[in-house]
Each structure stands twice: as structure tokens, then as C-alpha cells.
Amino acid sequence: MRKILRAVKRRIHRRRLRSDGGTTDQRTKFLNRDSVRSAPFWLPPFLLVFLFVYGAIIWNFVISLTNVSNNLSTIDYSNLDFENYAIAFDGGTPSWARFDVGSYISPIWNAAQNTIVLMVAFAVVCLALGLWLAILVDRDIRFENTFRTIYLLPMSLSFVVTAKFWAFMYNREYGLVNALFEAVGAGSVEIIQNSTLLGVESIALGPIAIGSIGIPVKLAAIVFALIWQYSGYAMVVYLAGLRAIPDSHFEAARVDGASTIRMYWRVIIPQLRTATVSALVVLMVFSLKAFDFIYSLYGSYNPGSAADILATRMVREAYQNSRFAFASAIAIVLFVMALSIVAPYLYTQYRRGDL
Amino acid sequence: MSPDRPRQTDSGILGRSWSRIGLYAFLLGMVVFYLIPIETGLATSIKRAGDFTGRNPYLPPLPWDATLASWSEGFFSLLDGLINSLVLVVPATILSGLLGSMAAYGLTTISWRGQVGIYSLFVAGIFIPYQAVLVPLTVFWYNIVPIQDWWLESVANGISVFGLFEIPSTFMLLGWELGFQPYHWQLISLIITHTAYGIPICALLFRAHYKKLPDEMVEAARLDGASIRRIYRRIILPLSVPMFAVVFIYQFTQIWNDLLFALILVQNNEAAVVTQQLVDLGASQEGVDYPLRMAGAFIAALPTLLVYVVFGDKFAKGVAA
Numbered sequence: 001m002r003k004i005l006r007a008v009k010r011r012i013h014r015r016r017l018r019s020d021g022g023t024t025d026q027r028t029k030f031l032n033r034d035s036v037r038s039a040p041f042w043l044p045p046f047l048l049v050f051l052f053v054y055g056a057i058i059w060n061f062v063i064s065l066t067n068v069s070n071n072l073s074t075i076d077y078s079n080l081d082f083e084n085y086a087i088a089f090d091g092g093t094p095s096w097a098r099f100d101v102g103s104y105i106s107p108i109w110n111a112a113q114n115t116i117v118l119m120v121a122f123a124v125v126c127l128a129l130g131l132w133l134a135i136l137v138d139r140d141i142r143f144e145n146t147f148r149t150i151y152l153l154p155m156s157l158s159f160v161v162t163a164k165f166w167a168f169m170y171n172r173e174y175g176l177v178n179a180l181f182e183a184v185g186a187g188s189v190e191i192i193q194n195s196t197l198l199g200v201e202s203i204a205l206g207p208i209a210i211g212s213i214g215i216p217v218k219l220a221a222i223v224f225a226l227i228w229q230y231s232g233y234a235m236v237v238y239l240a241g242l243r244a245i246p247d248s249h250f251e252a253a254r255v256d257g258a259s260t261i262r263m264y265w266r267v268i269i270p271q272l273r274t275a276t277v278s279a280l281v282v283l284m285v286f287s288l289k290a291f292d293f294i295y296s297l298y299g300s301y302n303p304g305s306a307a308d309i310l311a312t313r314m315v316r317e318a319y320q321n322s323r324f325a326f327a328s329a330i331a332i333v334l335f336v337m338a339l340s341i342v343a344p345y346l347y348t349q350y351r352r353g354d355l
Numbered sequence: 001m002s003p004d005r006p007r008q009t010d011s012g013i014l015g016r017s018w019s020r021i022g023l024y025a026f027l028l029g030m031v032v033f034y035l036i037p038i039e040t041g042l043a044t045s046i047k048r049a050g051d052f053t054g055r056n057p058y059l060p061p062l063p064w065d066a067t068l069a070s071w072s073e074g075f076f077s078l079l080d081g082l083i084n085s086l087v088l089v090v091p092a093t094i095l096s097g098l099l100g101s102m103a104a105y106g107l108t109t110i111s112w113r114g115q116v117g118i119y120s121l122f123v124a125g126i127f128i129p130y131q132a133v134l135v136p137l138t139v140f141w142y143n144i145v146p147i148q149d150w151w152l153e154s155v156a157n158g159i160s161v162f163g164l165f166e167i168p169s170t171f172m173l174l175g176w177e178l179g180f181q182p183y184h185w186q187l188i189s190l191i192i193t194h195t196a197y198g199i200p201i202c203a204l205l206f207r208a209h210y211k212k213l214p215d216e217m218v219e220a221a222r223l224d225g226a227s228i229r230r231i232y233r234r235i236i237l238p239l240s241v242p243m244f245a246v247v248f249i250y251q252f253t254q255i256w257n258d259l260l261f262a263l264i265l266v267q268n269n270e271a272a273v274v275t276q277q278l279v280d281l282g283a284s285q286e287g288v289d290y291p292l293r294m295a296g297a298f299i300a301a302l303p304t305l306l307v308y309v310v311f312g313d314k315f316a317k318g319v320a321a
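The listed protein sequences correspond, in order, to chains F and A.
Mapped onto the numbering used here, the consecutive letters of the first sequence carry residue numbers 1 to 355.
Mapped onto the numbering used here, the consecutive letters of the second sequence carry residue numbers 1 to 321.
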């Protein structure tokens, strides 16, 4: 045994002395590959990530096909079907219904719709505000660092902390937002418990009524607070993009006599596409994670249907109602949404060799 | 600061100075927008419990009305949570940073075919909504590797890991002397979880850094016969120090600020981290004690705020990558 070990050691030692890795037999060739020799570095983290990210997602998918509810310690994997997905999309009473938390389960469309409204409104406004701030901060101002630091400050805070701040800001009696409303004569309004729709009540396309389009007040309030927290991020990304554009482009536009607005619109903003796409992806994924904020704002798993997003619905179904398999199905829907945003992005990054 | 920088296209002395004034006015307005919720919280936190009502919440109290009672009450209510958070954040930050750096090294500096594929799997891991892994994580940490239960048995006997080796109780007593509590064992599951989900972003940050290092340096070292491990220890690691600062700051902030994993994985109130405790702070049947709640929010945010104020540029670097 010791002899073998010594032989192996000698071999390893010999290999190390050689620099170009020229070898004779197949096995050492394999061991000599850079992928294998660097494996002690990338493999342990890779295994950890693979287990916790990909292993967990696959496992989550399998759990979503089971009927596990109430007790997670015994999961029956023998009976797999897509019932939970059918319930998620159509609503209904599942075969595994428990009467302690009610047997009828409503579909997830409401939460899905809120998720998309939140995601789009949040990402678009963040980008617009971030771009606007980046352009202004880029115009050779004094105290640029101070401005930048202040604009990015909310992002360093926890969602729990910012939710506490905004719960107070939105308070009906003492909050600053309502003080502002009163100052302009609008009177005080309930904000974070208000499900009224803001926007057009009903839209008709000719004779066909499409339905109402609007955003519930409480959801708008959440979006506003999230924009407050993350627009600084969009600004930082755009600022980096602007700094990468050579001064000559600005000069050329100026020599051509373009106005400032025209210069930015025609020359500068088109060059910020990469920055826009990467900020957009990150912001959209952030908004899928808004659970922490909503949970702390309401201090409970249930923010009410007008502000319910998939992330809160999933956690509520799992950890309040103990419908674990059903919650896993919602989680898969959420995952597919994230994937449909991220996969095209990563693919184009890969094609361009930026990965 | 030359007046002729190309990014300014305004012409005419008068028009320019007016547009400059407008620019600064707008930027200052945005400063107010970003700071007012924080300032309001700060002003409220030093008011007396009965004084926070009124229409001007952003105004600080008169000096003789100010009190630090809420701050001290908040601090003592959150103290255990602060310690627990620290016990969680420090190892998780260091581990994820180190493993991320190792992964980036093996997948960037040493180049081989197919590494981009492996690396893509890392990057995709950044964008996973955590909801997609919560139920499996629960099963894993509650039923398959129930670290949280082990500490109950361990208090008297020392800890047996998989029955393979034992951490004797004397060792644990030493831990107590250092301020560790037996329930801190429960945070191990959280540390490992945060490490695993932190590695992808760390790997991304380090890879961007390692790509910029000149290839010739590593090539020369390899021609001299340096092993891969030696190149990492002697060349790459020393050159990574600035990036470690960025990564550690980013991870520290992320893990300290997280609520979801702690909410799901910490069973026992004793081991609750500070964000968990903050959710319920200041709420009672009689209504919400806003000064206490605001003071608590500041106390919970203080470590990240400090890090941000001191290392703001590094934080910006981390988020912009």
C-alpha cells in the first residue's frame, strides 16, 4: 500500500516538474488537463452551487408534483402529477385538500398580474430616472461624488429597514406623504391598505370592453418605495456606460450643431444599450425578490390581494398554510419567469463573448 | 473642471449660468428625495413616544424634548439579533468570497475548453428567485441535515458530527467564554446557505478582475514550474486584495440585509437575526411605537450604513458589476 502511494507521489512530483504536460499514457493525460488540475479550485464551489441552486430547483420541481401538505418530514414521491399546476392556473379544490386552511384554492393570476405590473413599472421608472440622473451627474458638476453617494445610499439598506421608513412615510395620520397631500389640499388618504385602482377605470376598443387598466394604490406605493431604493443603482450603471463613451462623440455632435437633447437622444443613448439591458435584467430580477419589503411593510405574510405578488403568495402558501407542494408549483412559475428574462440575456452575453 | 468640456453644450454666459443653477437645484431636490425618508426616521427616533404625532414628522424635536430612550430600548431589544447577525455574516462573507475567488481563478486564469459552460451555470445562479429553492431547503435543513436539533443534544455531551468525530464539550465551553452561545449552532445552516447562494456573484466579480490581469504573468510562472496552487497563493491572491474588499463589502451588505432565508431557516427565536427581530419591533396592541421602530431600524442598519459611508466607492463598484 505504502509502495503504491509512494509511486503515485513520485508521479505527481514528476508531472509537476514538467511544464508542457507532454505525456505518454491516457490517464496522466487526463490528470494533466488544466481543467482537472484546476479542479481543486473550481470544483468545490461548483458542487456547492450546483447542489444548492440546480439540485434544489430540480428537487423543488419534483416536490411540486407531489401532494405534500402540512407535514414535510414524509414526502410521498410515488404519486406524481401536475394537479398543483392545474390548481394554480384554474383554481379549485385539490384532491389533497385540508379543511383547516380552507379547501378551495384561488388561482395565482391575481398575484402573477401584480408581479408583472410591479416588475414593469418598477424597472421602467428606475431606468428612466437613473438615466436622467446619470446624464445630469455626468455634466461636470461639483461634488459629483457626494451626489452619487447620496443617490445610492438607500440601496445599502435592508428591505426591512426601508419598509419601516416607508410604513411611517405612508402613515395616514403622521406620515410625510399625507402631510404633502394636505399641503396641496388633497386631504389625507389611506395608502398602504388602499386597494382602489389608480388610472383608467375601463377601456373600450370600439365596442369591445377590454376592462380596467390601473394600478392599486397600495401596489403603486410599494413600487414608489422600491424606485426610491433602487433608482440609484440604475444611475450608477448608466454613469459607468456614459463614462465609457469617448469625449469625441460628444464633440462631434456639438460640431454638427446638435442641441443637447438631440445629442443625447441620437448619439449618446443608443450607445447605452448594453447598460440598459443589464440594468433592466438586474432590476426585474430584484423586483421578483420584493418579498422582504412587502412582508416587513405589512408585518405579515398576507399583504392583501391588491399587493399580493407571486413571491409573497408562494411563501404564504408554504409557511402559513403549509401547502408545500402547491407552493413549490408557484415557485416553479416564478422561476420560469426569471428564466425567461435571464436566459436570453445570458445567451446574448455568451454570443458576444462577454461572459 | 475646465469650462470647455465637451459634455456641456450650452452656449452664452447667461444661458449657461441659468441652466447650471437649474441643474444644481434639481440635483439638490433629488438629494432631498433620497434622504427625506431617512431623515424623517432619524428625527422621529429621538422624539418621545407621545410626541411623534403632528404634521411635520421630518422636523427634529426641540433640543429639550429630544430623548435617546428609544435608541437604548431598541438597542437592548435587538442586541441578541445583532450578535446573531454578526455570527452569521462574518463567516458567510469570508467563505463566499474565498470560494468565489477560487472558482473564478479555476475558470478564468487557468483557461481550458468548456469552462465558459461551467461559468454560465455560476452566473445563472445569481438570478435565481430564492422562492424556487425554499421548500427543498426547508426539507434539507429540517429533515436531512437537522443541524438545528443537534445543539439540543450537544449542550451536555459535545457535538458529534454524523457520528464520525466529536467536538468535545470543553471546546464548546471555550466557545462560550468567547461569547458564543450553544444556539449559534443553528446559524450554521444559514451560513452554508448564504455561502452557496453568494458564490455566483462573488465568482462574477472576481472573474471580471482576473480577466484584466495580464496572461504573460501566469504563463511565465507556469514555465518556471510553479504549480497551479502556488500561482494562486503567490500571484493571484495578492493581486486580488482590492477585489476582496469590494466582494466582502457587497456580501456583508447582502447577507446582513437578508430576511427571507433567516425567516425560513431559523426555527428558534433565540437565534433570530436582526432583520427578523426588526419586523416585529415596536408593534403592540395599543398601536405602533414609531420612535422605537425608527430607532430600531437605524440600529439594525448601522453596520451596513457605516460600511457604506466608509467604503461607498467600493460598494458602487460591487453593484455596478
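No lab work stands behind these hints, which were simulated from the structure alone.
It cannot be assumed that every hint is accurate.
With a cut-off of at most 20 Å between alpha-carbon atoms, the simulated EDC-like pairs for lysine to aspartate or glutamate come out as follows [as the list claims (entries may be wrong)]:
{"hint": "1", "chain 1": "A", "residue 1": "K211", "chain 2": "F", "residue 2": "D34"}
{"hint": "2", "chain 1": "A", "residue 1": "K314", "chain 2": "F", "residue 2": "E144"}
{"hint": "3", "chain 1": "A", "residue 1": "K317", "chain 2": "F", "residue 2": "E144"}
{"hint": "4", "chain 1": "A", "residue 1": "K212", "chain 2": "F", "residue 2": "E144"}
{"hint": "5", "chain 1": "A", "residue 1": "K211", "chain 2": "F", "residue 2": "D354"}
{"hint": "6", "chain 1": "A", "residue 1": "K317", "chain 2": "F", "residue 2": "D138"}
{"hint": "7", "chain 1": "A", "residue 1": "K317", "chain 2": "F", "residue 2": "D354"}
Comparing the hints with the structure gives:
1. A:K211 / F:D34: 17 Å, holds
2. A:K314 / F:E144: Holds. A:K314 to F:E144 sits at ~16 Å (cutoff 20 Å).
3. A:K317 / F:E144: 16 Å, holds
4. A:K212 / F:E144: 27 Å, violated
5. A:K211 / F:D354: Satisfied, since the Cα-Cα distance of roughly 11 Å is no more than 20 Å.
6. A:K317 / F:D138: Distance of about 17 Å is within 20 Å: holds.
7. A:K317 / F:D354: Answer holds: A:K317 to F:D354 is near 18 Å, not above 20 Å.
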